[in-house]
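Chemist: For the sequence shown, counting from 1, position 66 maps to 66 in the UniProt record's numbering; every step adds exactly one.
Calculated from the structure, these hints are not laboratory results. Even for Gly, the Cβ is constructed at its ideal location relative to N, Cα and C. Be aware that a few hints might be false.
Stated by the list, open to error - Pair by pair, the computed Cβ-Cβ distance ranges are:
(1) E230 x Y277: 23 to 31 Å
(2) S255 x D28: 49 to 57 Å
(3) F265 x K59: 28 to 36 Å
(4) R27 x H322: 22 to 30 Å
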Amino acid sequence: MCKADPVAVSSQETSAAALASEDAWIRDLDLKAFGAEIRELGKTLRENQGAADDEHLYKLVRWQTGLSLAGLLTMWMTPNPFTIICLSTGLFMRWAMLAHHVCHNGYRDTDAGKRFGYNQLVFAVGSLVRRIIDWADWIYPEAWNLEHGRLHHYSLNENADPDVVELNTRYLQEMDIPRPLKYLVVLFFGATWKFTYYSSNTYSALLHSRRLREATLKNDEVTKARLQKEAVESRMMTVFSIFDGSGPSWWSTSSFFFNVLLPFFVLRFVVTPLPVYLFIGAAAYKNAIINLVLAEILTNMHSFLAIVPNHAGNDMYRFETHCEPLSDEFFLRQVIGSVDFQVGNDVIDTFHGFLSYQIEHHLWPDLSMLSYQKAHPLVKDICKRHGVPFVQESVFVRLYKTVRIFLGDDHMRLFPQQALHAE
1 MCKADPVAVS SQETSAAALA SEDAWIRDLD LKAFGAEIRE LGKTLRENQG AADDEHLYKL
61 VRWQTGLSLA GLLTMWMTPN PFTIICLSTG LFMRWAMLAH HVCHNGYRDT DAGKRFGYNQ
121 LVFAVGSLVR RIIDWADWIY PEAWNLEHGR LHHYSLNENA DPDVVELNTR YLQEMDIPRP
181 LKYLVVLFFG ATWKFTYYSS NTYSALLHSR RLREATLKND EVTKARLQKE AVESRMMTVF
241 SIFDGSGPSW WSTSSFFFNV LLPFFVLRFV VTPLPVYLFI GAAAYKNAII NLVLAEILTN
301 MHSFLAIVPN HAGNDMYRFE THCEPLSDEF FLRQVIGSVD FQVGNDVIDT FHGFLSYQIE
361 HHLWPDLSML SYQKAHPLVK DICKRHGVPF VQESVFVRLY KTVRIFLGDD HMRLFPQQAL
421 HAE
């Protein structure tokens with residue numbers, strides 16, 4: 001059985017209790033001054049973006065292309081670590097680094113965005129051709145832009161955030177199965193999560209948004225209320241929801257299959273290895289398929305490691321209320337609800353998919369990867385001077401803390417909202 005969930009404590013009960021020692025820093029925080037410094041730093045970073053940011057992006061694109069080509073050109077060989085790692089890392093970089101930061105418009109105002117399509121309105125959207133060229137994966141780009149770029153970023157660690165680990169793993173915390181089996185469940189999702197979770201959950205958010213828009217245009221308040229209530233209740237859509245009947249009313253399995261899953265499956269596992277079969281033979285084709293499948297498992301595990309621990313752990317805050325985007329409190333929440341990993345140079349940062357700068361990224365989602373490298377020590381200094389917790393640890397330590405959240409061994413901190421606004 002899992003422990004009693006302290007996040008269920010209401011804000012009224014929290015306000016009646018003494019401020020916890022780990023929250024004492026809030027008493028002395030000058031929120032307005034903190035927000036002003038963060039806002040000014042973001043403005044400076046944005047104004048200074050230019051050719052250097054583009055060159056940095058192009059260098060990382062070359063790295064990604066080189067790794068992908070190395071994997072593709074050797075996938076006919078007997079399954080081997082070199083090929084698998086190259087194929088896996090190429091996919092990982094394409095999503096975590098290129099698609100992620102480009103779809104956030106990190107390069108919109110530079111030449112890369114203006115002249116070469118590295119912007120949200122062009123990159124991977126509008127047609128199947130653009131998706132194949134820019135970012136072919138299990139995830140539907142338009143759905144990602146909505147679910148991640150809007151819902152997650154502007155409702156971080158709130159109930160409306162679709163990616164709150166603690167809320168999305170209640171089923172596992174409450175499962176009456178032996179503990180070793182729970183670890184196997186975590187391992188399974190880590191090895192398959194793009195396919196089993198992210199593909200369907202992001203697409204569900206997109207379909208819900210479309211239905212909500214239709215109801216709004218028709219001034220159908222009853223349907224809007226029902227859809228919003230259902231969104232809270234259903235919360236998470238996995239591929240297994242298709243089979244157990246727990247999917248929401250707006251879900252379309254046929255649309256999901258033909259628009260999301262089938263294009264990537266055909267491209268990755270049919271078209272990509274086909275030349276090997278035609279020009280080298282059946283044995284080499286079998287090797288290629290095995291290499292591609294093993295690379296798929298590895299890239300899932302790599303991205304799970306770099307992404308899922310970003311906002312989870314017993315030192316991360318959750319929030320009961322929503323706050324105004326880009327307000328002083330919004331900036332505070334991005335810091336205390338996110339964690340940075342080890343940083344240092346482009347090789348280290350590439351291993352983390354540049355998600356090692358999660359705090360900086362959540363403060364200003366529309367900046368370049370180079371800007372996050374520049375911002376890191378400056379944000380850390382601002383937080384230190386204002387007494388705001390700045391969490392930075394090894395990604396492997398954070399994975400351990402995240403798994404403890406998965407299993408219900410630990411819980412995230414409930415932010416004492418009344419203390420922030422106490423006079």
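Chemist: Go ahead and decide if the range 49 to 57 Å is satisfied by the Cβ distance of S255 to D28.
Modeler: holds (52 Å)
Chemist: Assuming the hint says 28 to 36 Å, is it satisfied by the Cβ distance from F265 to K59 or not?
Modeler: The hinted range 28 to 36 Å holds for F265 and K59, with Cβ atoms some 31 Å apart.
Chemist: Do the beta carbons of R27 and H322 sit within 22 to 30 Å of each other?
Modeler: holds (23 Å)
Chemist: Quick one: are E230 and Y277 within 23 to 31 Å, going by C-beta?
Modeler: violated (46 Å)
Violated hint: 1 only; the structure is consistent with all others.
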